[in-house]
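Here the protein sequences come in this chain order: A and B. Just so you know, the working numbering puts 50 at position 49 of the first sequence, and the rest follows in order with no gaps. Just so you know, the working numbering puts 191 at position 190 of the second sequence, and the rest follows in order with no gaps.
Among the clues, some could well be false.
For chains that are exact copies, the list does not tell them apart, and a pair is met inside one copy or across any two.
What the hints assert, rightly or not - Here are the simulated BS3-like cross-link-like pairs (lysine-lysine), alpha carbons at most 25 Å apart as the crow flies:
| hint | residue 1 | residue 2 |
| --- | --- | --- |
| 1 | 112 | 127 |
| 2 | 86 | 112 |
| 3 | 86 | 127 |
FYI, nobody ran anything at the bench for these hints, they're computed from the structure.
Number of protein chains: 2
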Amino acid sequence: MATASRGSSRSRSARSPAPEVSVLRVGHRPGRDPRLTTHVALVARAFGARRLYLHPPDPELATRVGAVTARWGGDFEVVATDDWKSLLRTFPGAVVHLTMYGLPLGRTLPKLARHRNLLLVVGGAKVPAELYRRSTYNVAVGHQPHSEVAAVAVTLERLLGLPRPVRPGAARQRIVPSARGKRVVGEGVA
Amino acid sequence: MATASRGSSRSRSARSPAPEVSVLRVGHRPGRDPRLTTHVALVARAFGARRLYLHPPDPELATRVGAVTARWGGDFEVVATDDWKSLLRTFPGAVVHLTMYGLPLGRTLPKLARHRNLLLVVGGAKVPAELYRRSTYNVAVGHQPHSEVAAVAVTLERLLGLPRPVRPGAARQRIVPSARGKRVVGEGVA
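All chains should be built: construct the whole structure from the sequences, respecting the hints.
The structure is reproduced here in structure tokens:
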């Protein structure tokens with residue numbers, strides 16, 4: 002494991018390619034309001050994660066997120082996960098538990114950026130204690146209560162940068178950025 | 002209004018103090034699951050906004066967020082807002098509507114950072130069309146569907162930086178960052 006953390010996270014791209022990032026949501030509750038987990042999934046997709054592991058599985062949520070990807074592009078996937086401990090054991094990279102009790106993101110970023118594969122883990126209200134032990138890093142995006150949606154977004158943004166515009170032709174629909182109002186082009190757009 | 006955008010957003014602090022930022026949540030639905038709006042409020046607080054204007058008012062939510070501030074410090078407030086259009090007219094600064102249809106955040110940041118007061122506006126599922134017209138800027142944190150929680154977090158982080166640790170004595174409770182497990186110090190902590 003790397004121990005020194007010289008230099009700024011902004012200079013990462015000069016040294017090595019960006020890591021491939023996956024997200025694991027532990028403790029989702031199918032049947033309760035699914036909006037928070039849906040937001041975690043959409044944020045993971047929009048900010049450049051490759052996949053969301055969802056524990057426990059929720060086929061309806063996976064279908065809804067799949068429909069977004071079909072329309073807006075990319076190859077993001079939702080992977081049903083029955084056993085998150087086994088995923089942590091076998092994941093071929095560093096496990097990064099996002100928790101307000103962890104070490105500051107700003108200080109940890111240079112280490113994270115050196116890995117080729119990262120798994121960002123967010124829990125629900127009750128996080129199993131062993132998640133702290135089984136993770137490579139426990140990392141805090143600020144030490145105040147806020148939101149797993151925000152923690153995933155800011156960590157991905159600091160690792161991979163702000164999301165880039167979609168190239169023409171790369172998705173069925175894409176947005177043309179506008180100072181006022183909405184402009185969408187592509188298939189099935191009136 | 003400033004039009005040129007020379008230099009990086011990172012050099013803002015060399016030129017002028019950080020803006021004071023407020024957040025307006027339009028179209029909250031009291032009685033439905035309040036977790037998403039609670040996350041918007043906690044993110045606004047944790048990432049350095051001064052207040053959340055909440056439309057329509059939700060006294061229960063304001064009380065819950067107030068309890069977080071009493072315990073974890075700072076002077077963040079939730080302001081009940083019956084008339085968001087009047088707030089937009091009278092706000093003494095720039096109104097920044099966060100929408101995936103807007104202009105890229107990365108390109109807009111240098112302009113935003115020059116204002117002394119900013120109001121970040123996020124809507125619910127149905128955003129009134131006039132919000133686009135009445136805003137000074139329509140800004141996209143990526144042009145893909147994701148989450149108002151993430152949009153507020155990333156915009157605040159890019160404007161004000163990552164949240165700083167709380168100074169000892171500045172709050173009833175504070176977290177001591179740890180590589181493993183949870184460490185909280187202060188009043189009423191076992």
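Structure-based check of all given hints:
Taking the shortest alpha-carbon separations for residue 112 and residue 127, neither the intra-copy value of 28 Å nor the inter-copy value of 41 Å comes in at or below 25 Å. Proximity of residue 86 to residue 112 under the C-alpha cut-off of 25 Å is restricted to the intra-copy arrangement: shortest distance 23 Å within a copy versus 46 Å between copies. In the homo-oligomer, the alpha carbons of residue 86 and residue 127 lie at most 25 Å apart inside one protomer (16 Å), although the nearest pairing across protomers, at 39 Å, exceeds that limit.
Going through the hint list in order, the structure does not satisfy hint 1, though it satisfies all others.
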